[in-house]
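Chemist: Protein sequence lines, in the order shown, are assigned to chains A and B. Taken in order, the first sequence gives residues 1 to 208; the numbers are from our numbering. Taken in order, the second sequence gives residues 1 to 122; the numbers are from our numbering.
Hints were generated in silico from the structure; no laboratory data involved. Each hint should be verified, as a subset may be incorrect.
[As the list claims (entries may be wrong)] Label-pair restraints from in silico Cβ distances:
hint, chain 1, residue 1, chain 2, residue 2, range
1, B, Q29, A, G84, 46 to 52 angstroms
2, B, I35, A, S106, 38 to 44 angstroms
3, B, Q29, A, F192, 26 to 32 angstroms
4, B, T39, A, E102, 48 to 54 angstroms
5, B, Q67, A, A139, 49 to 55 angstroms
6, B, F28, A, K99, 31 to 37 angstroms
7, A, V146, B, G19, 19 to 25 angstroms
8, A, S106, B, G115, 54 to 60 angstroms
9, A, S189, B, E88, 56 to 62 angstroms
10, A, L4, B, L20, 22 to 28 angstroms
11, A, R77, B, K6, 34 to 40 angstroms
12, A, Y137, B, T39, 43 to 49 angstroms
Yeah, the Cβ is synthetic: ideal placement off N, Cα and C, and Gly gets one too.
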Amino acid sequence: MGSLTNVVVSLLIKYSLCFLALVIILQGIGVPTFPSLSVIASGAFSYAGEFNPVLLFFEVWILVMLGDTAGYFFWKRFGEFLFGKFKGLNKFFGPKLKKANEYLDSKGRIAVFLTRFLITPLAAVVNIVAGLSGYSYFAFISAAFVGDMLWTIIYISLGYWFGDSWQQIANLASQFGQLATLIVLLASSIYFGRRLIFKKRAKRKQNN
Amino acid sequence: MKTKTKKTIFIVILAILSGLIIWKVFTFQSSARKISIPTPQTRNVKRYDMYKNVTVKDISLRHNVSQKKIFEYLKIIPNAGDENLSLEKLGKKYNISSQEMRKSIKDLMEFIKAGKKNGKLN
Numbered sequence: 001m002g003s004l005t006n007v008v009v010s011l012l013i014k015y016s017l018c019f020l021a022l023v024i025i026l027q028g029i030g031v032p033t034f035p036s037l038s039v040i041a042s043g044a045f046s047y048a049g050e051f052n053p054v055l056l057f058f059e060v061w062i063l064v065m066l067g068d069t070a071g072y073f074f075w076k077r078f079g080e081f082l083f084g085k086f087k088g089l090n091k092f093f094g095p096k097l098k099k100a101n102e103y104l105d106s107k108g109r110i111a112v113f114l115t116r117f118l119i120t121p122l123a124a125v126v127n128i129v130a131g132l133s134g135y136s137y138f139a140f141i142s143a144a145f146v147g148d149m150l151w152t153i154i155y156i157s158l159g160y161w162f163g164d165s166w167q168q169i170a171n172l173a174s175q176f177g178q179l180a181t182l183i184v185l186l187a188s189s190i191y192f193g194r195r196l197i198f199k200k201r202a203k204r205k206q207n208n
Numbered sequence: 001m002k003t004k005t006k007k008t009i010f011i012v013i014l015a016i017l018s019g020l021i022i023w024k025v026f027t028f029q030s031s032a033r034k035i036s037i038p039t040p041q042t043r044n045v046k047r048y049d050m051y052k053n054v055t056v057k058d059i060s061l062r063h064n065v066s067q068k069k070i071f072e073y074l075k076i077i078p079n080a081g082d083e084n085l086s087l088e089k090l091g092k093k094y095n096i097s098s099q100e101m102r103k104s105i106k107d108l109m110e111f112i113k114a115g116k117k118n119g120k121l122n
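Let the sequences and hints guide you as you build the complete structure.
Modeler: Shown next as structure tokens:
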């Protein structure tokens, strides 16, 4: 963590907005760049007077929405290219993506909203699925709008309030995101596992 | 795949996820305990402590201040390569206490602020 922190701090001080833009937009596409660390650090430095906190909030919020948009369209275009070129992929993934699209149509907004600020490790995955499955961009960005705002407020405020302890807070925030993701995965596993088992039982009862 | 095999895999996945969650809860708790909640007084005192990971070169580039001026405020007669050391490492190298370093950084930042207002920084 030490050397990563030093790199983040050095790049943030030297390039501020450009560095944040790169980190946040790449994360939206799916490249793991740990934007929460950079945003918490920028919150801490805004308390020291390096950045205007209100301006920082709007800049980061806009960048996060741009990142989500970039991720959505990148995977939409990339998916169209892949499935156009490799028909076999379309045959295999097509029905699955159609199912994903139907799921997103019914529960997509809440999934997009929650993954923006609470279950953040799954945010990039949701971007990928939304883009590949052709989920409505308007529905996607309207759910991301509030979720991204909450994420920005939370992470900048954490940095701003905790100041010099920002590294420990960034670590804690990352651990919280991982914990929330694990809980969601457990709940999903139980839900889909039970459906699988009870489906088999119901079928067996019918046959008997 | 047989139903029994699927059930076994399902139970194994649940066990692994549950174990990971319990482990994460413990590590989260132990990390949270190490952090002290800042008060307005401690925040004011430690306002400039986040500069401990910043180098003299970074500050010079960001604020367009000469490295010589920065070292003056830090009360350090630098050797070659010191501009690439973080302020924390500089403090350890030149035996400057964290309190003294904090004051020096505060004075430096106030000079930079005032300099930006007046248009004079070097």
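Chemist: Checking each numbered hint in turn, tell me which of them this model violates, lowest number first.
Modeler: 7, 9
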